[in-house]
Amino acid sequence: MTRTLRLAGTKALAMATLTVLALAACSSPSGPRGVTSEEADRLSEVFFTNFDNEGAHFVLNAAPTPGTAMVIEGEVDFVEAQGYAVVSATGSDAPVHGVIFSEAVVLENMPQLVDLAATAGQQPFTWVARPFDSTAYQLDSLLGVLLGLSVQQRENPLLLEQAGVQWLREDAVNGVAVDVFEFSPQVRLWVETGGTRLLRFEGNSSTLDRPIVIDLSEPGPVTLPLVEEADVVQVADVQDLYDAVRSGA
Amino acid sequence: MMLAALAVVPLAGCSAREPGTLTVPGDASSIQQAVDKAVPGDLILVEPGTYNEEVEIDVDDITIRGMDRNGVVLDGSDTLRNGFKVTSDGVSIENLTVHSYRLNGVIFTGSGAVGHFEEEYRDAPQVSDDGTVPHLERFRVAHVTTYNNGLYGIYAFQSRNGVVVDSYASGHPDSGLYVGQCDPCNTVVDGVTMENNAIGYYGTNASGDVYVVRSTFRGNRIGITPNSQLQELLSPQRETYVVGNLVLDNDNPNTPPVARGFYGAGIAVGGGVSNYIARNYVAGHDVYGIGVVTLNPFEAEGNTIVGNVLTDNRYDLVYGPSSQVVTSHGNCFAENTFTTAIPEDIEQALPCDGNEHEVTAVDLKYPRAPAGSDYRDMAAPPAQPGMPGDLAARPGPLPAQPQYPDLDAIGVPTP
Chain C
1 MTRTLRLAGT KALAMATLTV LALAACSSPS GPRGVTSEEA DRLSEVFFTN
51 FDNEGAHFVL NAAPTPGTAM VIEGEVDFVE AQGYAVVSAT GSDAPVHGVI
101 FSEAVVLENM PQLVDLAATA GQQPFTWVAR PFDSTAYQLD SLLGVLLGLS
151 VQQRENPLLL EQAGVQWLRE DAVNGVAVDV FEFSPQVRLW VETGGTRLLR
201 FEGNSSTLDR PIVIDLSEPG PVTLPLVEEA DVVQVADVQD LYDAVRSGA
Chain A
1001 MMLAALAVVP LAGCSAREPG TLTVPGDASS IQQAVDKAVP GDLILVEPGT
1051 YNEEVEIDVD DITIRGMDRN GVVLDGSDTL RNGFKVTSDG VSIENLTVHS
1101 YRLNGVIFTG SGAVGHFEEE YRDAPQVSDD GTVPHLERFR VAHVTTYNNG
1151 LYGIYAFQSR NGVVVDSYAS GHPDSGLYVG QCDPCNTVVD GVTMENNAIG
1201 YYGTNASGDV YVVRSTFRGN RIGITPNSQL QELLSPQRET YVVGNLVLDN
1251 DNPNTPPVAR GFYGAGIAVG GGVSNYIARN YVAGHDVYGI GVVTLNPFEA
1301 EGNTIVGNVL TDNRYDLVYG PSSQVVTSHG NCFAENTFTT AIPEDIEQAL
1351 PCDGNEHEVT AVDLKYPRAP AGSDYRDMAA PPAQPGMPGD LAARPGPLPA
1401 QPQYPDLDAI GVPTP
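Chains C and A supply the protein sequences, listed in that same order. For the first sequence, the positions run 1 to 249 when our numbering is used. For the second sequence, the positions run 1001 to 1415 when our numbering is used.
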């Protein structure tokens, strides 16, 4: 008797749960739809909020070209437009294990290059410095997207609303409730529910076949690691070896 | 209980009253409460004090007037969005100060939800109004000070038949004053001072009887810019009269930067059409005094630059079309006082004779805009002159169309 009751009770609970789920599904707003004025106001602040928060921890996942993959995880300073990260990549960026970057200069840690240079009699170093060049290096191109997530000025919310920016759905990123918005087929943003904090950026190429996903967390100021001048070699001083390592020769 | 509630409803429904005057605080504890009580024709008088509130106005034909321009202060504390957001017709905002809102100090907007516009309006400017574009009608801003708001000081969007007079804006990371996306705008800007903003006057796709006259644009990154842009409807911009203004030193690095990087010009006609730029005094600009330039993808066309006085600019006058344009494209320069220009013989190369002239391509180099300041750290402006006259006098409704200035009576101002 007791057992039967318990089963019945369980079934009743299950049914109640199903009912709640069904209700939730019915009452949950569905997208895509144009953003409301309130949502446009929030969106107008998203990149400015990154600037205002000064920096963040980031994890960038990308497939820069078909068959390659890159994970860059580190800290970004959105005010000075610089940062540092560990890199795990396939393809031409595979030799890079770490990076310290600004919009002007990229310092790469490439153990294979360090070893080759030591064999060739070079002074030991940790970092090789080269100019930032988003047209020549996939790594820089992705870092450029990251740095572009911060601007010193709000967007005009009237124009965002008018431009047809879409609310897609509710979601969660790392346990934080978010709204997902589509700026264009190339750009989607995961923005804290009721707030202006960007939790995830999804970018794409114009052909929509190379996604870039950047997760941001731990907003706040960032301090770059100090680098001793003696630990840095200019790329021109090891150009042949550098090119050889990057080309996989 | 139910009966009591029912009884209240018809009474409230019958409560329409004759317009009169409401005071804050007095008849209402906040400006918003007074607006909520207002009927068309009301004057809301605001006593000196600091008001931490966003005021949303959807009642037609009301006037909100501070009793002391410098003492009635709406403070958004970098938290609230807009000081005044007006979506109704015939509203006047007068004699008060609005600062530190995240978005705008004062905004009038005729834009609602997405889809107000049919596709055909996106590119085809309406030369005559056929009544289908839902503009906000009739607005007035007078003796208002705005500073350090996060977008614009005073903003009229898809609004027309308005006036902005004797007002002031500083410290905005976009423009102090913005008239945008209207056609015809029928809007008069007279006697304003815009300083230490990213841009003084910004007129994107603001077309048809826009008057910017007898005003001062000083120490911004750009002074005045009627311009065409794709990201707003009703492009291209046309028919703004910029006459008799003092345009000084709009290359101030100690201003909030604008995202698009504009810097160092007095008056920039960016891809605008049929604008009339006359009898302005333009001095002290790192790039140029008056430029008629392309703004991708729009070419400047049919603009007249006449009788201006220019001095101490890197180039006083510039004609800078894209490389696709090899003629004057209807643009002309005459009777200006100047020493430097691109092309050097600009008044001979582009005379106002009604003919097309071939023009040699120019390659104007723009300097990189300096980093600038956080708008929230800009200094508060000095006290500004208050509204004269009897402040308690209730005004009549705003006219269907503002009085346009007599341009012929406006000469070159003295610095």
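Treat the hints with care, as some may be off.
Think about it this way: if two alpha-carbon atoms lie no more than 20 Å apart in a straight line, the pair counts; the simulated DMTMM-like pairs of lysine to aspartate or glutamate are [said to hold, decoys possible]:
| hint | chain 1 | residue 1 | chain 2 | residue 2 |
| --- | --- | --- | --- | --- |
| 1 | A | 1085 | C | 115 |
| 2 | A | 1365 | A | 1377 |
| 3 | A | 1037 | A | 1061 |
| 4 | A | 1365 | A | 1209 |
| 5 | A | 1085 | C | 38 |
| 6 | A | 1365 | A | 1390 |
Now the stretches of chain C that chain A is said to cover, found in silico as 3 or more residues with beta-carbon under 8 Å [what the hints assert, rightly or not]:
| hint | segment |
| --- | --- |
| 7 | 38-47 |
| 8 | 75-88 |
| 9 | 144-155 |
Keep in mind the hints are simulated off the structure, nothing from the lab. We treat Cβ as the ideally placed atom computed from N, Cα and C, and that holds for glycine.
Hints versus structure:
The suggested pairing of residue 1085(A) with residue 115(C) is violated, with an alpha-carbon distance near 64 Å, which exceeds 20 Å. Between residue 1365(A) and residue 1377(A), the direct Cα distance comes to roughly 31 Å. Violation of the 20 Å bound is thereby established for this hinted pair. Simply put, residue 1037(A) and residue 1061(A) have alpha-carbon atoms about 13 Å apart, close enough for the 20 Å limit, and the pair holds. Proposed proximity of residue 1365(A) and residue 1209(A) is contradicted: the alpha carbons are some 32 Å apart, above 20 Å.
The hinted pair formed by residue 1085(A) and residue 38(C) meets the criterion: a straight-line CA distance of about 13 Å does not exceed 20 Å. With a CA separation close to 53 Å, the supplied pair residue 1365(A) and residue 1390(A) exceeds the 20 Å bound. Chain A is given as covering the segment 38-47 of chain C, and this holds because 3 residues of the stretch bring a CB closer than 8 Å to a CB of that chain, at least three being needed. Counting residues of the segment 75-88 of chain C whose C-beta sits closer than 8 Å to any C-beta of chain A gives 0, which falls short of three, so the coverage hint is violated.
Counting residues of the segment 144-155 of chain C whose C-beta lies closer than 8 Å to any C-beta of chain A gives 4; at least three are required, and the coverage claim holds.
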